[in-house]
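S.K.: Residue-level listing of the chains:
There are 2 protein chains.
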Amino acid sequence: MRLTRFSDIGLRVLIYLARSGERPAPVTVAEIASQFDIPVNHLVKVVGQLARCGWIQATRGRNGGLRLHVAPASLKIGAVLRQLEGEAELADCSGQACRLSPDCILRGALADGLRAFYAAMDRYTLADITAGSTGEKIVRMQRDFMKQLA
Amino acid sequence: MRLTRFSDIGLRVLIYLARSGERPAPVTVAEIASQFDIPVNHLVKVVGQLARCGWIQATRGRNGGLRLHVAPASLKIGAVLRQLEGEAELADCSGQACRLSPDCILRGALADGLRAFYAAMDRYTLADITAGSTGEKIVRMQRDFMKQLA
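As you go down the protein sequences, you meet chains A and B in turn.
Numbering of the first sequence is given in our numbering, commencing with residue 1 and proceeding in unit increments.
Numbering of the second sequence is given in our numbering, commencing with residue 1 and proceeding in unit increments.
Among these hints, one or two may not hold up.
Treat identical chains as interchangeable: a pair holds within one or across any two.
As the list claims (entries may be wrong) - As a list, the in silico SDA-like pairs of lysine to any residue whose alpha-carbon atoms are at most 20 Å apart:
1) K45 with M1
2) K147 with P102
3) K76 with R115
4) K137 with D103
5) K76 with L114
6) K147 with R99
7) K137 with R99
8) K45 with A79
9) K76 with A116
10) K137 with A109
11) K76 with F6
12) K137 with R107
13) K137 with I105
14) K45 with A131
15) K45 with D122
16) K45 with E85
17) K76 with D128
Hints are computed from structural coordinates only; laboratory data are not their basis.
All figures in this text were calculated on a predicted structure; none of them were measured in a lab.
Full structure from sequences and hints, please.
M.R.: This is the structure we're talking about:
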């Protein structure tokens, strides 16, 4: 079982931005793409979705860039994943993919399991997952990146 | 988020066999492959794993075939998925894939979420998911298949 690449990238963007509030220069798409080795075209789509959800703000222009637009302690990871994962089911239950559909009890069971997963992820906020060692690592990554540019 | 194709096929095999106890002819790999439109080479690998787990028995020869080797009410779906999904994590956290590893708090959070998912799936047994409409559908599928052969 794997998160979609879309969610995976989305979480990294949020984690990265959660610890960028104190630096002078804004974070750019190019910076995140370079730091996590993510293709820019993928990243642009994810950033667009995060902005539509109201979690980040993207401004254009010379001093433009990406900023977190919510308090990290108020953003639940389950809520983020529900949005980024979308409506996809855990198994391909479409009529063509499986003859058991629409009579399948497993389908409802898997939906229960998914709800339990999201509920467990709701016990973590963006602040929780960017504390301690993760936060320090992010700050270090950002410092090293800016040194390279200087 | 998607189950692996391996697990998806594994669940279908177990569901199919759970309702085949009353028919005279044993179920074959070819039958399941045909019923669910699964490539035989994929199916053989999954069947091998289900047999190694002790959940099904595969016998060779003229009257050989596949049979369930556990009571459906004793087989928890969470346990099945833990085995079939294996050790894979929800995100690709390997050192090469993500620079946050090994400092990443999200990694542990996702592992918590996965445990919650499996615990929720443990509330369902193979008997539960092959009852009612699913069971009736399977029995109908098997009856129709045998009619075609006759």
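S.K.: If a hint holds in the structure, say so; if it does not, say that too.
M.R.: Here is what the structure says about each hint:
1. K45 with M1: Result: close only across copies, 18 Å inter versus 23 Å intra.
2. K147 with P102: Classified as neither: same-chain Cα gap 57 Å, cross-chain 23 Å, threshold 20 Å.
3. K76 with R115: both (14 Å within a copy, 18 Å between copies)
4. K137 with D103: between (49 Å within a copy, 7 Å between copies)
5. K76 with L114: both (16 Å within a copy, 16 Å between copies)
6. K147 with R99: between (58 Å within a copy, 18 Å between copies)
7. K137 with R99: between (48 Å within a copy, 9 Å between copies)
8. K45 with A79: Answer is within: at 19 Å inside a copy they meet the 20 Å cutoff, but 37 Å across does not.
9. K76 with A116: both (14 Å within a copy, 16 Å between copies)
10. K137 with A109: Result: close only across copies, 17 Å inter versus 39 Å intra.
11. K76 with F6: For K76 and F6, only the intra-copy Cα distance (17 Å) is at most 20 Å; the inter-copy one is 31 Å.
12. K137 with R107: between (40 Å within a copy, 14 Å between copies)
13. K137 with I105: between (44 Å within a copy, 11 Å between copies)
14. K45 with A131: neither (27 Å within a copy, 43 Å between copies)
15. K45 with D122: neither (24 Å within a copy, 37 Å between copies)
16. K45 with E85: within (14 Å within a copy, 29 Å between copies)
17. K76 with D128: within (9 Å within a copy, 33 Å between copies)
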